[in-house]
Structure formats: C-alpha cells, structure tokens
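S.K.: In my numbering, the protein residues as written are 17 to 65.
Please note: incorrect hints may appear among the correct ones.
[Stated by the list, open to error] Now the in silico label distances, taken between C-beta atoms and shown as ranges:
(1) 34 / 55: 17 to 23 Å
(2) 18 / 51: 26 to 32 Å
(3) 45 / 19: 16 to 22 Å
(4) 44 / 19: 14 to 20 Å
Hints were generated in silico from the structure; no laboratory data involved. We put the beta carbon where it would ideally sit given N, CA and C, even for glycine.
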Amino acid sequence: MARYHFVCHDCEAEAIVADRESAAGRRDDHVARTGHEASFAAFVAAEGA
Numbered sequence: 017m018a019r020y021h022f023v024c025h026d027c028e029a030e031a032i033v034a035d036r037e038s039a040a041g042r043r044d045d046h047v048a049r050t051g052h053e054a055s056f057a058a059f060v061a062a063e064g065a
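Given only the sequences and the hints, what does the whole structure look like? Please build it.
M.R.: Given below as structure tokens:
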C-alpha cells in the first residue's frame, strides 16, 4: 500500500498518511505556519509493516 510522507528538514516534523492530498496539505500548512522548507516523498510500505 502506498504511503505518502513529508518531513521538514528544519525541525524534523513529519507525517505519514495514506492519502497524497492529506500529506501535501499537512506539508503546505506546516510551511505556511513556520516558514520552514519541507520535502515531500512517496514510498511503498513493506507488507506487514
């Protein structure tokens, strides 16, 4: 199952969610709130993880 992940390299805040829009929204909210730069990546979680 795909999981979408964002992590802020300035403060190490992170979120992992099943929905791309939710992760992008969390990233955008964090950047707007803090002014930090946040990266965004998608990855596939291993089965049973």
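S.K.: Work down the list of hints and note, for each, if the structure agrees.
M.R.: Verification of the hints:
1. A hinted range of 17 to 23 Å holds for the C-beta pair residue 34 and residue 55, which are about 19 Å apart.
2. Between residue 18 and residue 51 the Cβ separation comes to about 29 Å, which falls inside the hinted range of 26 to 32 Å.
3. Between residue 45 and residue 19 the beta carbons are some 19 Å apart, a value that agrees with the proposed interval 16 to 22 Å.
4. At about 18 Å, the CB distance of residue 44 to residue 19 agrees with the hint of 14 to 20 Å.
Comparing the model with each earlier hint shows no violations; every hint is respected.
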